[in-house]
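Given chain A's structure and the hints, the job is docking chains B and C onto it.
The listed protein sequences correspond, in order, to chains A, B and C. Take the first sequence: its letters are residues 1 to 268, numbered as in the working numbering. Take the second sequence: its letters are residues 1 to 82, numbered as in the working numbering. Take the third sequence: its letters are residues 1 to 376, numbered as in the working numbering.
Some hints could be false.
[What the hints assert, rightly or not] Mimicking DSSO-like on lysine-lysine, the simulated pairs with C-alpha atoms at most 30 angstroms apart in a straight line are:
#	chain 1	residue 1	chain 2	residue 2
1	C	Lys46	C	Lys237
2	C	Lys195	C	Lys266
3	A	Lys42	A	Lys180
4	A	Lys42	C	Lys197
5	A	Lys9	C	Lys224
6	C	Lys46	A	Lys42
7	A	Lys189	C	Lys46
8	A	Lys9	C	Lys221
9	C	Lys2	C	Lys266
10	A	Lys180	C	Lys224
Note that these hints are calculated values from the structure, not bench results. In this text the structure is predicted, and so the values were computed from the model without any measurement.
Residues per chain, in single letters:
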Amino acid sequence: MELFEFYRKDRWPHVFCPGCGNGTVMNCFYRAFSELALPLDKTAFVGGIGCSSRIPLYINSDALHTTHGRAIAFATGLKLAKPELKIVVFTGDGDLGAIGGNHFINGCRRNVDMTVICINNNIYGMTGGQASITTPHDFQSTTTPYGNKEYPFDLAEIAVAAGANYVARWTTRNVHELAKSMKTALQKKGFTFVEVVSQCPTNFGRRNKMADPSQMLEWFKESSIRRDKDKPALDQVDLNIEGKVTIGEFVDRNRECYEELIGVGKHG
Amino acid sequence: MKPVIDPRLCKGCNICVYICPKKCYSKGTEILEAGYFTAVVSSHEKCYNHNRQGKLVCELCVLSCPDQAISWHEETEEEKKK
Amino acid sequence: MKIAPGEYFLQGNEACVQGALSAGVRFFAGYPITPSTEIAEGLSHKLKGADGVFLQMEDEIACISAVIGASWGGVKAMTATSGPGFSLMQEAIGYAAMSETPVVIVNVMRGGPSTGQPTRASQGDVMQTKYGSHGDYQVIAFAPASVQEMFDLTVDSFNYSEKYRVPAFLLSDAEIGHMRGLLKIPEHIRIIDRKEKGMKRPDEAYDVPDNLVHPFPVFGKGHKTMITGMTHTDTSKIEPEDARVHQELVERLSEKILRNRKDINKWELMCPGSKTMIVSYGSASLGAKEVAASDDRVGLLRLKSLWPFPEEPVAEVARNCSQILVSEMNLGMMYWEIKRVAVENGCKKVELLSKIGGDPPTPSEFRHRLREMGAL
Numbered sequence: 001m002e003l004f005e006f007y008r009k010d011r012w013p014h015v016f017c018p019g020c021g022n023g024t025v026m027n028c029f030y031r032a033f034s035e036l037a038l039p040l041d042k043t044a045f046v047g048g049i050g051c052s053s054r055i056p057l058y059i060n061s062d063a064l065h066t067t068h069g070r071a072i073a074f075a076t077g078l079k080l081a082k083p084e085l086k087i088v089v090f091t092g093d094g095d096l097g098a099i100g101g102n103h104f105i106n107g108c109r110r111n112v113d114m115t116v117i118c119i120n121n122n123i124y125g126m127t128g129g130q131a132s133i134t135t136p137h138d139f140q141s142t143t144t145p146y147g148n149k150e151y152p153f154d155l156a157e158i159a160v161a162a163g164a165n166y167v168a169r170w171t172t173r174n175v176h177e178l179a180k181s182m183k184t185a186l187q188k189k190g191f192t193f194v195e196v197v198s199q200c201p202t203n204f205g206r207r208n209k210m211a212d213p214s215q216m217l218e219w220f221k222e223s224s225i226r227r228d229k230d231k232p233a234l235d236q237v238d239l240n241i242e243g244k245v246t247i248g249e250f251v252d253r254n255r256e257c258y259e260e261l262i263g264v265g266k267h268g
Numbered sequence: 001m002k003p004v005i006d007p008r009l010c011k012g013c014n015i016c017v018y019i020c021p022k023k024c025y026s027k028g029t030e031i032l033e034a035g036y037f038t039a040v041v042s043s044h045e046k047c048y049n050h051n052r053q054g055k056l057v058c059e060l061c062v063l064s065c066p067d068q069a070i071s072w073h074e075e076t077e078e079e080k081k082k
Numbered sequence: 001m002k003i004a005p006g007e008y009f010l011q012g013n014e015a016c017v018q019g020a021l022s023a024g025v026r027f028f029a030g031y032p033i034t035p036s037t038e039i040a041e042g043l044s045h046k047l048k049g050a051d052g053v054f055l056q057m058e059d060e061i062a063c064i065s066a067v068i069g070a071s072w073g074g075v076k077a078m079t080a081t082s083g084p085g086f087s088l089m090q091e092a093i094g095y096a097a098m099s100e101t102p103v104v105i106v107n108v109m110r111g112g113p114s115t116g117q118p119t120r121a122s123q124g125d126v127m128q129t130k131y132g133s134h135g136d137y138q139v140i141a142f143a144p145a146s147v148q149e150m151f152d153l154t155v156d157s158f159n160y161s162e163k164y165r166v167p168a169f170l171l172s173d174a175e176i177g178h179m180r181g182l183l184k185i186p187e188h189i190r191i192i193d194r195k196e197k198g199m200k201r202p203d204e205a206y207d208v209p210d211n212l213v214h215p216f217p218v219f220g221k222g223h224k225t226m227i228t229g230m231t232h233t234d235t236s237k238i239e240p241e242d243a244r245v246h247q248e249l250v251e252r253l254s255e256k257i258l259r260n261r262k263d264i265n266k267w268e269l270m271c272p273g274s275k276t277m278i279v280s281y282g283s284a285s286l287g288a289k290e291v292a293a294s295d296d297r298v299g300l301l302r303l304k305s306l307w308p309f310p311e312e313p314v315a316e317v318a319r320n321c322s323q324i325l326v327s328e329m330n331l332g333m334m335y336w337e338i339k340r341v342a343v344e345n346g347c348k349k350v351e352l353l354s355k356i357g358g359d360p361p362t363p364s365e366f367r368h369r370l371r372e373m374g375a376l
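So here's chain A without its partners, still in its complex pose (with noise of 0.2 angstroms):
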């Protein structure tokens, strides 16, 4: 598919910032999406608040730019209403994990067919720059100017308890894995759930010594381990307690999807 045959050329070129990590996620769903010739006229994509939440407003296809936190809810009514369908979501950290906690879990739980893309960046940054719930602890924020006393989520492992069909995290460093993973989670039926720690490096490098893009991606590079699916949760590392993350394919079951329990048509 054309570059602007995805994208709403009205709309270029998009607001993002120099070096932001949204760009790289859109060109990696955007070689996922084309590989996989999906119809982009059945496609319908839902975002919340955020910058990340942004992407679906620059593709040319039904776009739901929803309340804070709730993108899980909408996009549930959504393809429950009209199941044939394909529901992305674009979210982000604090979006999805903060105020969008509960419907985070219960859509993993549920286990409607859609894919969610949580674009990961560590900070609230749309607003400025305040700290999220993925904000590593003693990292600087306009909130935490004394150093983040809180701890951070692991939005991946949250997502492999809740019971999604499939999980994965990756960085926007490692783009052919996360390329090839966003291909998994579209063909996939269920909750798929993909996790892309991304740089922002405007509203949270900057304020953490890593102010170039080149800076926080050498950190994802340094700081990330792989995570063997087969291996248990706890024998990995946790996200940023010791500063690292772990990335791969965290789970990949057959739960059966929220449609097929309740005998709703055909799903995308």
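What follows is chains B and C alone, placed relative to chain A:
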């Protein structure tokens, strides 16, 4: 195939400079159309995809570029000989 | 799936379920909350397989969000709740108004504020229905006062929300929701569907004049629809910085409802020429109806729709009477709107019979107050 940077889209973030395993890119020294120090392709002959058609071996730059500024183009006859 | 035309003896909430099914509901997302739970339970029986989808969501915010999402999938969608859940839904209600999504929300009101009286009636949410979310917007709200009206006004809620692309509310309460009474389901029920983009309308007479309501672009039909809660132009371009775009959008959202008050408003009038008129709605009007029926010194204007505020019938009553008694099961909410219109139209004596605690005002309480006012 060789990589080409679209100066209207590049915001000079230099991720391509950092990520390319063969060091095909360098930081720009001129401010071009978009108002940034646009990165430049300093040596496309070192690229893994030099003189390659069909399936490309490495696409780290194209996939990483946040502004979709890099695309693959066929080399000229001159360039193929390098 | 829905019951056949005929006469039935049903609970108010059950009649609401039948009204929704008759109107064509195909998606319901609910959360258990007294005294509305019977609506969720009833639809969980009826909406299965090809008939539609029933979901019990994790909280009320998820319910209203899922209902809005389903509406964009092209189906008639509804949720039902009470006070505490209604408060949670306000952000999404604003979103539905801003994005012009047809949805129906049933609020079976109970004693408030906060957890209050879960099993007793009140009319404490009537202002919140219009002013609960931030910003300027208009909604449509109906107030049933019988089991029959739980059916009829549910059908109307769907019809008007579809016609005007706006959230519509059925403001019931614990008394009306739980009372049992006669329901007559007619052979033919008028159903209005949304004006869908790209589809020819079977009956143009249902359309709103002045092009204030735009055709609805259902998802999945190649429209490349973009829906957002941010300020946007007619072509869905997001323009939050543009003052003119914002004014045009927000004013149109109001105008499409306010200019069509005559089409939307519904009321019942008893003894309209009386010197003393009672103005009331819902459970609070039950006692008044008995008084007006037995004594023609007193009349009753029973409002069946509360929003947009029915200025015209109240003004007409005010011009022809010398005093008005407003009765509601709260400490005075619609009272202020009614008084404003009445005073503007020549009736300066507007009093309030307010009763909270759960029991609707009785005929004796009405007569006592009317005697104090010199009406009886």
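Results for each hint:
1. At roughly 40 angstroms between alpha-carbon atoms, Lys46 (chain C) and Lys237 (chain C) are farther apart than 30 angstroms, so this suggested pair is violated.
2. Only pairs whose Cα atoms come within 30 angstroms are accepted, and Lys195 (chain C) paired with Lys266 (chain C) is accepted, the gap being roughly 23 angstroms.
3. The suggested pairing of Lys42 (chain A) with Lys180 (chain A) holds, with an alpha-carbon distance near 22 angstroms, which does not exceed 30 angstroms.
4. Taken as a hint, the Lys42 (chain A) and Lys197 (chain C) pair is honoured in the structure, with Cα atoms around 17 angstroms apart against an allowance of 30 angstroms.
5. Between the alpha carbons of Lys9 (chain A) and Lys224 (chain C) the distance comes to roughly 13 angstroms, so the proposed pair stays at or under 30 angstroms and holds.
6. With a CA separation close to 28 angstroms, the supplied pair Lys46 (chain C) and Lys42 (chain A) stays within the 30 angstroms bound.
7. Between Lys189 (chain A) and Lys46 (chain C), the direct Cα distance comes to roughly 27 angstroms. Compliance with the 30 angstroms bound is thereby established for this hinted pair.
8. For a cut-off of 30 angstroms, the pair hint linking Lys9 (chain A) to Lys221 (chain C) stands: about 20 angstroms separates their Cα positions.
9. For the hint linking Lys2 (chain C) to Lys266 (chain C), the alpha-carbon distance of about 26 angstroms falls within 30 angstroms, and the restraint holds.
10. Between Lys180 (chain A) and Lys224 (chain C) the CA atoms are separated by roughly 27 angstroms; this keeps the pair inside 30 angstroms, and the hint holds.
Checked against the numbered hints above, the structure breaks only hint 1 and satisfies the rest.
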